[in-house]
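Colleague: Each chain, written out:
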Amino acid sequence: MNKRIIEAYVGEYASGKSENAINRALELNSQGRKVRLVDLDLVNPFYTLRPIKKELGQKGIEVVAWGRGEATGLGEAGSLLKPEMKWALHGGGDVVLDIGYGIEGLKVLNLIEGAAEDKFLKVYVVVNIARPMTAAVGDIIEYVTSLGEVDGLINNSHLGTETDREIIHEGAYIVSKVSQELGVPVVATAVAKEYAHLVGKKDPMGNPIKIIDLFMKDAYW
Amino acid sequence: MEQKPIQGEKKVFMTGNETVAWAALAAKADIMYGYPITPQNEIMHYWTRLAPKHNRKFLQTEDEISAGFTTVGGVLSGKRAFTATSGPGNVLMQDSLSMAEMMRIPIVMVVTQRGGPSTATVIYSQQETTLTCFGGNGEGIRVVYSTASHQELFDYTIKAFNTAWKYRFPTFVLGDGYQSQMREPLKIYDPDEKGIEFVPAVAQLGVEGEAGVDRDPIHLRNTYNMEDELYEVVRGLVDDFKAVAPEIEEYREQDVDDCEILVVAHGIVSRAVEGAVQQLRREGIKAGSFRPITLRPFPEKHLRRNAEKARKMLIVESAEGQLRRLAADAIYGCQTPMEGLFRPGESITVEEVVQAVKGLL
Chain B
71 MNKRIIEAYV GEYASGKSEN AINRALELNS QGRKVRLVDL DLVNPFYTLR PIKKELGQKG
131 IEVVAWGRGE ATGLGEAGSL LKPEMKWALH GGGDVVLDIG YGIEGLKVLN LIEGAAEDKF
191 LKVYVVVNIA RPMTAAVGDI IEYVTSLGEV DGLINNSHLG TETDREIIHE GAYIVSKVSQ
251 ELGVPVVATA VAKEYAHLVG KKDPMGNPIK IIDLFMKDAY W
Chain R
12 MEQKPIQGEK KVFMTGNETV AWAALAAKAD IMYGYPITPQ NEIMHYWTRL APKHNRKFLQ
72 TEDEISAGFT TVGGVLSGKR AFTATSGPGN VLMQDSLSMA EMMRIPIVMV VTQRGGPSTA
132 TVIYSQQETT LTCFGGNGEG IRVVYSTASH QELFDYTIKA FNTAWKYRFP TFVLGDGYQS
192 QMREPLKIYD PDEKGIEFVP AVAQLGVEGE AGVDRDPIHL RNTYNMEDEL YEVVRGLVDD
252 FKAVAPEIEE YREQDVDDCE ILVVAHGIVS RAVEGAVQQL RREGIKAGSF RPITLRPFPE
312 KHLRRNAEKA RKMLIVESAE GQLRRLAADA IYGCQTPMEG LFRPGESITV EEVVQAVKGL
372 L
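Chains as they are written, first to last, in the numbering used here: chain B, 71 to 291; chain R, 12 to 372.
With the rest of the complex left out, here is chain B:
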C-alpha cells in the first residue's frame, strides 16, 4: 500500500502528457499520499505547467517547476535543470514526472539522479490517435519502440472541443492493438470530464476509463 509510486509521462508533442501527469498527481494527493510533480520539459520549456504551478501547489502537491520570473533573461534558451529536479527522486513520497515530447524529451531521465536504477520508476506513453503522427497502429508501434522500454500505454484520444464517442472508442481499439503487439499493457483510457457522459467505467476493449480535469488550457503565458 505504501509502496512508492514513481511515474514518468511521455509521448508525442501535444498528446496530453501534462494533463495526465497532473491528474495522476492529484489522484495520488487525494488518497492522502505525499506527491511531488516535476516539470521536466526541457524540449519546449515555455509551454509547460509553469503558469499553473501555484494553483496545483494550493491543492497540496509539491510542484517542482520554474516559476514565472525565476528564470528571467534566459529567453528561449532557458531550459535548465533546477537542483530540485535533478534530485527529484530523493526524499520520500510519490513522484510524477512530466517529460518533454519524444525521445529527446525522455533523455532528461539521464539527468535525474537515481532514475536509471530506480525499481519503482514506471514510464507511461500517452497516445492520442487524432494526432496524425500517432494515428495508425504501425506508426504508434514505431514511436513507442523509439522510446525504449516502457511500462504502459494510455489512450488519450480526443478531438479537443469536438471530441465524440467514436474517437475515444477508435483510440481504445488502436491502442489496444498496439498493446497486444508490443506486450505493453493499456493502463487506462483517459477522458476529459466534459466528455465523461460519452463513456462508462470501461472502454469497449475492457480498459479502465479515467476521467481527467483539464488544466493546461490555463497554462498559456
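These are computed hints drawn from the structure, not numbers from a lab.
None of the values given here were measured: they were computed from a predicted structure.
Among chain R residues calculated to face chain B with C-beta under 10 angstroms, some are:
| # | residue |
| --- | --- |
| 1 | 194 |
| 2 | 195 |
| 3 | 196 |
| 4 | 199 |
Far from chain B, by Cβ distances over 12 angstroms, these chain R residues were calculated:
| # | residue |
| --- | --- |
| 5 | 41 |
| 6 | 77 |
| 7 | 89 |
| 8 | 149 |
| 9 | 214 |
| 10 | 240 |
| 11 | 246 |
| 12 | 249 |
| 13 | 255 |
| 14 | 262 |
| 15 | 268 |
| 16 | 293 |
| 17 | 312 |
| 18 | 322 |
| 19 | 336 |
Glycine included, every Cβ here is placed at the ideal spot set by N, Cα and C.
Given the coordinates of chain B, work out where chain R should sit on it, guided by the hints.
Modeller: Quick look at chain R alone, frame taken from chain B:
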C-alpha cells in the same frame, strides 16, 4: 506510386505548427529551407519527420539570411520551396524577400509572430504586421494572409502556394506564437480531392536549349543602371499588383449591416473581437466587426464601406497601431472617429474588447 500524405479528409487534433507542416506537404511542397527559431520550430521539426516518408527535402541553413536566399534559389531551380520564421528571423529574411519581389519569384513564407522589438519574447504578438507587409527596401508587393485558426492555417498555407505561383508575388501566411502552440481540432484533406489544382513550379535557371536559338534568353535581374529603367520596372510591379488586388483580397464581416461601433482586428485577435460582438449584440449593443484576411493587398473598399456607415471605429491589435496604420491609410478621408485598443506583445480577451466598446458608447 508514392502514397499521398493525406487520403481523403480526416479530422485531427494538432498544434498550429504541425498544421503548417502537413499543409505544405499536402500542397506538394518539394523542400523547406529553414533555421530554427521559437515559436516556429515545430514547423521544421514536423517537416523533417514527414519529409523523408514522402520523398521531400529539407535544408537547415546557417542563418535566416541564408534560409531566405536558398528558398529563392530553390524556386529558381524549379522547386516548390518554402520557409518559415519569426521575429528577428523575419527581419533577416527581408533582403531575400525584396529580391523575390523584384524578380517576381514565388516564395511562400510562414511567419509565427513573437514579441518584439528585437529578441523580446518567444511567445506571441502581432508586431510583425508592418514588417511582413512592407519589409525590405521595396513597395510591399506581396500577399499577406493573416490566419485566425488551425483550419485557416491549413487552408491558407495550401492557398499561399497557389497564390504565389499564380501571381508570382512573395506570399506570406502570417500566424503567431499562440496559433503555433495552441491545439485545436481541424479537418485536413487532400487538395486534389477538393478540386484544388496546383500551378506547376517551373525552373527558371538551368533550363534546356540554347539561349536565343531554341528559346528566349533568360534574363533575371535585380540590378539596374538607370533610374528611369528602374522606375519602369517598379511601376510595372505596382501596376500588376494593383490590377490583381481585387481578386486576391479577402475579408470577413460580422453584424455590419446596422452596426454603430465597428471593431477591426486581424489574425487571432479577431476571434476575441467576434466573441465580443456576439456578447454585445446579446446585450442589445449594435457592434459589428471587420477582419481583413489579406493585409496585403488590404481590402480597402470593403473596410471603407463599413467604416462610413459606423458611428465609431475601434481597432484592436496586439501591437501599437500597426493594423491601425493599414486601416487609416485604407479609409483616408473617412470622418468616422477611430479609437484603438493596443496591447503590443500581449493577448486580448473577449471581456477586454467588450469593455473597450462600452467605453465608446
